[in-house]
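Following this note's numbering, the numbering of the sequence shown begins with 19 at its first residue and continues without gaps.
Keep in mind the hints are simulated off the structure, nothing from the lab. Since we're looking at a predicted model, the values are computed, not measured. Treat the hints with caution; some may be incorrect.
Pairwise CB distance ranges (calculated) [to be verified]: (1) Leu32 - Glu73: 18 to 26 Å; (2) Val28 - Thr58: 13 to 21 Å; (3) Thr58 - Gln25: 18 to 26 Å.
We put the CB at the ideal spot given by N, CA and C, even for glycine.
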Amino acid sequence: MPKDPAQALVDEILATFCRLTGALRPEGADDGEWTLRAYTQSFKAAELALAAWSELSGEPEE
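Please model the entire structure based on the sequences and the hints provided.
Listed below in structure tokens is the structure:
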């Protein structure tokens with residue numbers, strides 16, 4: 019887990035947004051593979067959000 023969960027979350031949300039909007043999409047990328055990567059990145063952002071919330075609130079992750 020990164021040392022600063024809040025910064026990791028910000029970085030992941032930015033990367034997810036760029037991927038979902040196609041800003042980082044390489045030319046000729048497969049649509050299915052690109053969509054799968056975007057969803058995978060979205061789930062990673064959600065996991066980081068949970069970790070950041072747990073650290074900030076003192077509540078355990080569920």
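### Message
Quick check on a hinted range of 13 to 21 Å for Val28 and Thr58, using CB atoms only.
### Response
Holds: the Cβ-Cβ distance is about 18 Å, inside 13 to 21 Å.
Notebook entry, point to check: Is it true that Leu32 and Glu73 lie within 18 to 26 Å of each other by Cβ?
Noted result: Since the Cβ atoms of Leu32 and Glu73 sit about 20 Å apart, the hinted range of 18 to 26 Å holds.
Is the gap between the beta carbons of Thr58 and Gln25 within 18 to 26 Å? 20 Å, holds
Hint violations for this structure: none, all hints satisfied.
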